[in-house]
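*Asks:* Here the protein sequences line up with chains R and P, keeping their order.
Just so it is clear: in the first sequence, position 346 is 346 by the numbering used here, and no numbers are missing.
Just so it is clear: in the second sequence, position 165 is 165 by the numbering used here, and no numbers are missing.
Rather than coming from a laboratory, the hints here were simulated on the basis of the structure.
Check the hints yourself; a few may be wrong.
No copy labels: a pair is met if it fits in one copy or bridges any two.
The calculated BS3-like cross-link candidates involving lysine-lysine, where the alpha carbons are at most 30 Å apart (straight line), are [unchecked claim]:
hint: 1; residue 1: K416; residue 2: K173
hint: 2; residue 1: K151; residue 2: K31
hint: 3; residue 1: K136; residue 2: K46
hint: 4; residue 1: K358; residue 2: K24
hint: 5; residue 1: K416; residue 2: K151
hint: 6; residue 1: K31; residue 2: K90
hint: 7; residue 1: K416; residue 2: K24
hint: 8; residue 1: K233; residue 2: K54
hint: 9; residue 1: K358; residue 2: K151
hint: 10; residue 1: K205; residue 2: K46
hint: 11; residue 1: K356; residue 2: K90
This structure is a prediction, so every number in the text was calculated from the model and none was measured.
Protein chains: 2
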Amino acid sequence: MNALDPLFAPRSIALIGASHSEMKLGGVVMKNLLGFNGMLYPVNPKYDELMGVKAFAEVSDIPQPVDLALILRPAQEVPGILKEFRGKAKCVIVMSSGFAEVGETGLQDEVRRIGEEAGFRIVGPNCMGLYNPHRKLDTFFLPPSRLHRPKRGNVAVISQSGAILSCLLGAMKEARAGVSKAIGYGNAVDVAESDLFEYLVGDDKTEVVVSYVESVRDGRRFVQSARELSERKPLLVLKSGKGASGQAAAFSHTGRLAGRYEVFHSIAAQWGIREVADFDELLDAAKALAYQRPSAGGRVCIITNGGGSGVLAADECMRQGLQVPSIAEEIRDRLHHLFPDFFVVNNPVDLTAQVKDKDYVAALGELRDEYDGFVIIALPNVFGITENLGALLASAKAGLGRPIVAHIAESGITGKIRNLLERAGIPVYASPERAVRGLKALLSHGRVAK
Amino acid sequence: MNALDPLFAPRSIALIGASHSEMKLGGVVMKNLLGFNGMLYPVNPKYDELMGVKAFAEVSDIPQPVDLALILRPAQEVPGILKEFRGKAKCVIVMSSGFAEVGETGLQDEVRRIGEEAGFRIVGPNCMGLYNPHRKLDTFFLPPSRLHRPKRGNVAVISQSGAILSCLLGAMKEARAGVSKAIGYGNAVDVAESDLFEYLVGDDKTEVVVSYVESVRDGRRFVQSARELSERKPLLVLKSGKGASGQAAAFSHTGRLAGRYEVFHSIAAQWGIREVADFDELLDAAKALAYQRPSAGGRVCIITNGGGSGVLAADECMRQGLQVPSIAEEIRDRLHHLFPDFFVVNNPVDLTAQVKDKDYVAALGELRDEYDGFVIIALPNVFGITENLGALLASAKAGLGRPIVAHIAESGITGKIRNLLERAGIPVYASPERAVRGLKALLSHGRVAK
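If we strip away everything but chain R, and leave its shape as in the complex, we get (with noise of 0.2 Å):
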């Protein structure tokens, strides 16, 4: 039993500040919350029942200590109702804003007094509170019709910043990938990256960690937590507030110092953490590890039927420290046999403007043992390329065993295509470049199979 379990898997939550309707705040909560499978406590004194659940006028009234309790009162009021949940929940998400990011630093201790007193754990305050689908748990305080969540998964996002959170949660759901916890966690007076990288090693439905992080409390436990949870698991780390303005807006953001980046990144290299360098570049690999499971080596072979797209994923290859190894004679001998004259039987595989979708496979078959990871390109403007290149391709990553990224640029068809690979797991990406990216991924935190 972790610490943080009555957090992420609450059997009884309580709500501070429900409301009955969904245009108030803690009426969107409320009506995330009954998905939720646990008992549910809404407080307000107002009413007698919320949304069909019955309500309750004070804290004092809920009949037994909840796991969770949620608070999403002014900053003033917090305090007492926090004193109120002593010795009756084990966590306590505050929500409510109007803390050290407005300069109340004193109100912001004495609840970080509080919780220390009273020895529950205190997510926040400001922020935006957690998403657990695999156990129909949502306590966000936005409405679904405007942030679509992604679906279950195996991904995990932790953010200080609920809106990198929710950035992050809705360019996911675009890209198909899936989550098994997101939570952003403010201010955090207490519960902070390494607590969460912590329990997120022991996590079975976590597969792959990505990170969103303006400061950091405690250098070396977040250190020896990245370390501990990079060796078992991917994680991806976006350090924000770089550069002089950036960690002056961090600062008034969440009332925490950004810190030196410098030292921030010479560390993270020196430890193996792996850092992305913006919101893009951790889409692209949080995406392609939602997807296909990480593996060793760095040859890459791309396989595209645009001459100049292929170049530039051979250029972000290199810049990526990847290999484009040619191919070897005799297997170059055979493509030469299947393929006509003007194919150029290279890496990049150049199937030209006159390709056929079954050419991707044939050279997928020939080159499949050769290779640690894969880059196909198709651009569809070209007739030789129809839907069938989605299954055709998806049938062959069945028995791959590697990973495969894709790009397919551009068209008419585009859209059709990218449904069927992304279905057949394969990530689809609207650059070149973005695509190597994504398969860096996949090859950076893989490990030679013993």
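We have chain R; now place chain P onto it with these hints.
*Replies:* Frame of chain R; chain P shown alone:
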């Protein structure tokens, strides 16, 4: 009269290899040429008419010299066809492949020699041809159902690779960016990037040039023409073949050596030729420059309702060499009066999750004269942001007179807001960093007004 006018604005066109069927490349080109306003002479010995147009059995049957001849016949036939056009064409596009890119350098040399002797300019071989929506001219062998053409606009797209050309055009269509001229010049026996740069200096339909270059034939002339063009119009260059594998791939692609990238890079930097790093950066910059006129300065104001997103944008400004200066004291006071206490009146301005549409306009109104460019970030997963944001920002932009870009995070109403903003000329990007890179393109190419 420029020597390339007959290429970009021909009054008459001959198509050698025309076909009656849209299932053949010669039929696709024929179909695409039907929109052309001038004289069209399809050549095909088997038909008297093709798609309603009188056809000719031989080149010699064409009753008058043409401005432009398009050749779409097997490589071995090309020299013979070219000879027939001696004195009967001003420009020729050889779309056929099967030349240096498959080792047929002798055949390619012959093509060059014939062109020199005959005195006409040759584009290609192994190329995609051109698209000039201002003249309804489209010689591509890709049907509109597969490659959606961008509308007419101010961006010229110059690409050695037909693949990259088609990817860029497809993506620009998706980005609602308009095109003045687009050309894929392939193996470049004659017309190459320098000729095109020189031509575009004086082309009044073109305000921006984006260029994908694999190899440069004449480095001195490249630098000279790129500089001359850069001084008049924003020019963005994506150079590929950067690493050993990319260079090898570029060689098999067009049969020209990519050259040492380091040399290219240092020369470009020295002469102020703006390089972009990858496909996405080229697209994002082209989109910004298609929407708005560039202007001078580097002082950026970020207005957001998501704290973390603002921090990422500020970080990217730093990486791009842009400043994010604090708000002047007196304006800060005015904004504090307008806004609730918990809004963070700083740069970035953080309107928080409690934002309303009109807050963006209020902030812009106070800050408009203080900064050189604006990044609007909206996370429309809170109720306070509605579809009205599009119309409000559109009006605010009308009198702004400075570059403004937006990042609208993924949500249930993002598509509608994006439509409104982009119709009003505000480019929308999928991440804070991409929005900043778009703004950077607008601020890099501006000149201080006299």
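*Asks:* Each hint should be assessed against the structure and marked as holding or not.
*Replies:* How the hints compare with the structure:
Both within a single protomer and between protomers do K416 and K173 lie at most 30 Å apart by alpha-carbon distance, with minima of 17 Å and 18 Å respectively. In this homomeric assembly, K151 and K31 come within 30 Å of each other (Cα to Cα) only inside a single copy, at 18 Å, whereas the closest approach across copies is 45 Å. In this assembly of identical chains, the alpha carbons of K136 and K46 lie at most 30 Å apart only when taken from the same copy (28 Å versus 68 Å across copies). Within a single copy, K358 and K24 get their C-alpha atoms only as close as 55 Å, which misses the 30 Å cut-off; across copies the closest is 19 Å, which meets it.
For the identical chains of this complex, K416 and K151 are neighbours both inside a copy (20 Å) and across copies (24 Å), given an alpha-carbon limit of 30 Å. Taking the closest pair of Cα atoms, K31 and K90 come within 30 Å of each other only inside a single copy of the chain (23 Å); across copies the shortest separation is 71 Å, beyond that limit. Taking the shortest Cα distances, K416 and K24 sit within 30 Å of each other only across copies (23 Å), while inside one copy they are farther apart (39 Å). Neither within a single protomer nor between protomers do K233 and K54 lie at most 30 Å apart by alpha-carbon distance, with minima of 42 Å and 68 Å respectively.
For the homomeric pair K358 and K151, neither the shortest alpha-carbon distance inside one copy (32 Å) nor that between copies (34 Å) is at most 30 Å. With identical chains, the CA atoms of K205 and K46 are never at most 30 Å apart, being 40 Å at best within one copy and 66 Å at best between copies. Taking identical chains as interchangeable, the C-alpha atoms of K356 and K90 are never at most 30 Å apart, the minima being 60 Å within one chain and 36 Å between chains.
Hints 8, 9, 10 and 11, counting from the list given before, are not met by this structure.
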